[in-house]
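> Chain by chain, the residues:
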Amino acid sequence: MQSYLYIALFAPLVSSLFAAIFAQQKKIQLVGIITSILIALSFFASVELLVYLMQTNKIVHATLFDWIVIGDMNVKFGFTVDHVTAVMMVVVTLVSALVHIYSNYYMEHDKSFNRFFSYLSAFVFSMLVLVMSDSFLGLFIGWEGVGVCSWLLIGFWYYKKDETRDVNPSISPSWAANEAFIMNRIADLGLLIGIFLIFWNVGSLKYNDFFAAIPNLNHGLLVAIGIALFIGAMGKSAQFPLHTWLADAMEGPTPVSALIHAATMVTAGVYLVIRANPLYSQIPGVGYFIAVLGTFVAIFAASMALVNRDLKRVIAYSTLSQLGYMFAAAGLGAYWVALFHLAAHAFFKALLFLSAGNVMHAMHDELDMFKMGGLKKYMAKTYLMMGIASLALSGIYPFAGFFSKDTILEVAFNEETYGIWFVLWFTAGLTAFYSFRQVFLVFHGDERFHELGIHPHEAKPYALWAMAPLAVLAVIAGFFKEEFVEFITKFLPPYEMSEHTEHLVWFFIIVTMGIALTGIFIAYKKYANGLRRDPKVENSFLYKLLFNQYYIPIFYEKAFAKPYKELSDIAWKEIDQEIVDATVDGIAKAVEVTGDVSRRAQNGNLSTYLKWMAFGLIFISLIALISVVVK
Amino acid sequence: MSHILSILIFFPLVAGLLGFLINQKSIRVYGIAVATIEFLLSLWLWFGFDGSNPGMQFQEFIPLIPSFGINYYLGVDGISLFIIVMTTLMTLLGIVGLSVKKDLKNMIITLLFLEVAMVGVFVALDVILFYIFWEFSLVPMLYIIGAWGGDKRLYAAIKFFIYTFAGSLVMLVGILFMGYLYYKTTGHWSFALTDWYKMVLPLDLQKWLFIAFFLGFAIKVPMFPFHTWLPYAHGQAPTVGSVILAAVLLKMGTYGFVRFSLPLFPDAAVAYITPIAIIALIMIIYTAMVAYAQKDMKQVIAYSSISHMGVIILGTFAMNVEGIGGSIFLMLSHGIVSGALFMLVGVIYDRRHTKLMSEFGGLASVMPTYATIFGIMTMASVGLPLTIGFIGEYLSLAGFFKVSPILTVIGGTSIIVGAVYMLSVLKKSFFGPITKEENKHLSDLDLKEKFALIPLVAIVIWLGIYPKPILEPINTSTKALVAFMHKKAQTKEAKATIHVSKALKEIKK
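These protein sequence lines are chains W and V, in that order. The working numbering puts the first residue of the first sequence at 1, with every later residue one more than the last. The working numbering puts the first residue of the second sequence at 632, with every later residue one more than the last.
For reference, chain W alone in the conformation it holds in the complex (with noise of 0.2 angstroms):
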């Protein structure tokens, strides 16, 4: 079985390598079906992998070589493949091998064609490397790989200049590739202090080791651990107050946003709470912090993601979102809700953003939703794909989202944390009606985009086979929910309901359902016959906030970005060069004058030095005397 995990795990890095070669030249249409059929092989491993343990419930291992062997620090380059690693390898490998399919069509004009696939490949290497690696530092490799991959990406179109923010909220591809790199990099010194406390308490990374040996270790610590931890996954997953870079990462290509910030990178951070699993459930007091921030940021995005006009940013809110469900469920204990939520969320959140990369190019890469309309004539399949999407996202029976966003409901209920469960199924109804608020403004209603000049067209056939098996799953997954139960709580902790609770599930389901069909209906009340704009609604107080992202992004820049900046000037002029250095010159300036002065004792006059002899010898003998007397 160790042949499959490194065919899993190589095929994606000699994928990246082989159209690196070619990075620099003219597109060449092999580069895009040899990377894609690179990952499909990948794909299938996993695959084989998943099967593999499902028969023989059987972890792989695999180590390679030494990587740091210092002292006590002894890492290797160590690989398992166990129930969630599987799972999340089969959805990674699954997206990344569908996105690059999809990408031979979105990228087929952009002139670094190659070099695009080398970065995409890269990421995936990277991100098997993430949930493959058996040790904490083997997944800070992934962890700070899919980092620069994500710079790498959303920055790929680097030579489009710096837009003022009313133009361009995320101001430049560059600029959101710095911004997200270095908001990553905050976090990642938590997880890094994390790595720190556990090699110093335990004298291994691997995890194993670590979760073996947490009955030992204080809860103090413990609490630290699991703290620095979840700050490193706060990063990743864009968790509030690190949250901004994601709707800013939508400058990249659009099925980057699909693969990357939207079905795999960003679930990292769950990931992580999912794999540290023995950790978090010590320490429940930190569990809950995390399901709180979760649920806040639930919220918070959703608000954001109501009046937005941006095809992708909407999407990008709801993703942060829907992380925010993962958080919670993660938080309360119920780690294999979690790790479904995430699988499914990858299905349909891929297939929500490949169907926005269709309109986009029928629109000529217009974002403004309020410039589309009416495109269901042009585009049916899109519009069918991106309804399935919808649907699932808002939640609605029988699609995947549903059973995975209503367990989640059941468990804030059945933890007794009811404002978790109240505002996660607020923020249902809100995802039903911004998804659909999407899909009204730009299948439905009036044809905006006339006025543009624009001729919209269906996407490539290739393209949307390439979604199909998103769609199917958007629908199906969620029939699977028992076998995903059986397989996976054979590792992760079981979540048993409490039998209160298993008398009210069909309760549950009618009033989930009922929020998200009532925000459902009132996007179509609203915008399925076309766009009515209230400009008394929009110069509103509340309106202005959400759609400036409650002003975050300013407040962050003013707060932070610019003193940095003023800080540093006033630390290289005023402090380096007129305190630091000058003092140094200063020395050697005073050193310079003395020596002046004092030339000029010899300066060769018979007649000087008889007068400083004289004024020297009547010194000495003054102290001779004062001596003498003194005595």
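These are calculated hints, taken from the structure and not from any lab test. Just so you know, even glycine gets a beta-carbon here, dropped at the ideal spot from N, CA and C.
Not close to chain W: a few residues of chain V, all C-beta gaps over 12 angstroms, as computed:
#1 Leu648
#2 Leu807
#3 Leu836
#4 Lys838
#5 Ile1085
#6 Glu1124
Simulated DEER-style distance windows between Cβ atoms:
#7 Met632(V) / Ile570(W): 51 to 61 angstroms
#8 Gly679(V) / Asn218(W): 48 to 58 angstroms
#9 Thr1066(V) / Glu566(W): 22 to 32 angstroms
Here are the simulated lysine-lysine pairs, DSS-like style, with alpha carbons at most 25 angstroms apart:
#10 Lys544(W) / Lys558(W)
#11 Lys562(W) / Lys573(W)
#12 Lys1059(V) / Lys160(W)
#13 Lys926(V) / Lys565(W)
#14 Lys76(W) / Lys1033(V)
Model the placement of chain V on the given structure of chain W, informed by the hints.
Frame of chain W, contents of chain V only:
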């Protein structure tokens, strides 16, 4: 093989002298050939080195002034081995990538003399010999900055010389006093480092001597607030001067800490951990901010060096194998990465005769290979895992975490502030549209530049993925060093702080 160290010192010396006889036209080939042979010799040294032996190897001992115990005494261990290899490598690549036209012959001869001094510093085990090489290294660098530098080259060269020289003089006083102490306790003179190691000094004496050595090393590193000579030196020095300065000369200071301060004065070193750590934190954060404020690309790299040296200092004073070993590794990786970055700045300077980032913008579109290598080096500089930059930074911080978690959290911001200034260089110079007409037709890297840079890229990735060949000898020698310090330490505080790794404890049992 037994005289390999002498050969390493004297071969470039002789070759440099013979260089005066070589025709101006063939001097470049000659220089490359000599530097290549020297590099191969150092690889041979590595090949013959026994990684499992923690002690000094290839020792050579010739009495010079026996009555004062001054000898020609050389040796190499896992700590110095790779710094020597890096020195010969960076000298070679510096000569390969050389773009100066003026007085090329003198430049190459100067570089060969500089190589003599640098190798000498790292192999000398007699302290007087060490001091001679240490001071001798100033002369060629003074010449390089003063003769081939920019507009303010004389000011920069003299500042560099006098500043570091002043520090070294204080160190010399310390050296002489230490020799005198040895004479008083044993009755005969010796300046052999291995003899000095055996001396156990009372804490107050240790503290004075520690400070004397500290000043010499700190100015060289350079540590805040003794760092202001560095931006001038880098600002004025030609590319090759900056490469050698950043890659090797700065490492002499941190090497001095590991070779002298820690084993000679372990108690004083432990007693001074907190103030030194605070200076290191200032170096990390403050100079990173200053780097961010720069408008000149080269100055960013210059200040970033100080910031990274701060991490090295933290690792060195972690007093455990992870930290000290990590700091030695970081010395190497910083040498490679900063050397490469200075070369890269040199590339654009040769084309545009400016280093101001406001003059660039959009370079990635016209010079893709250049931008790619710059990007890789940037990632190595910010410590991305699987590049050479990560391992040293990670281990240094991990090591210091044992001493003080809180200070490490502050020091760990280096991964954030480092990303801020490096990414801003990329953004200002390489991304965005091409705004300047002059930049539209810049040529990408030529063959000479590729020859100089691609080996460095290969090393950055190779040692990032598989650092074992280097980490193993470092591990062996550092373990012995820490165990030695632990044994020698007298104060309770020092005994508790100096952390002997578990693996070694078990062996002892």
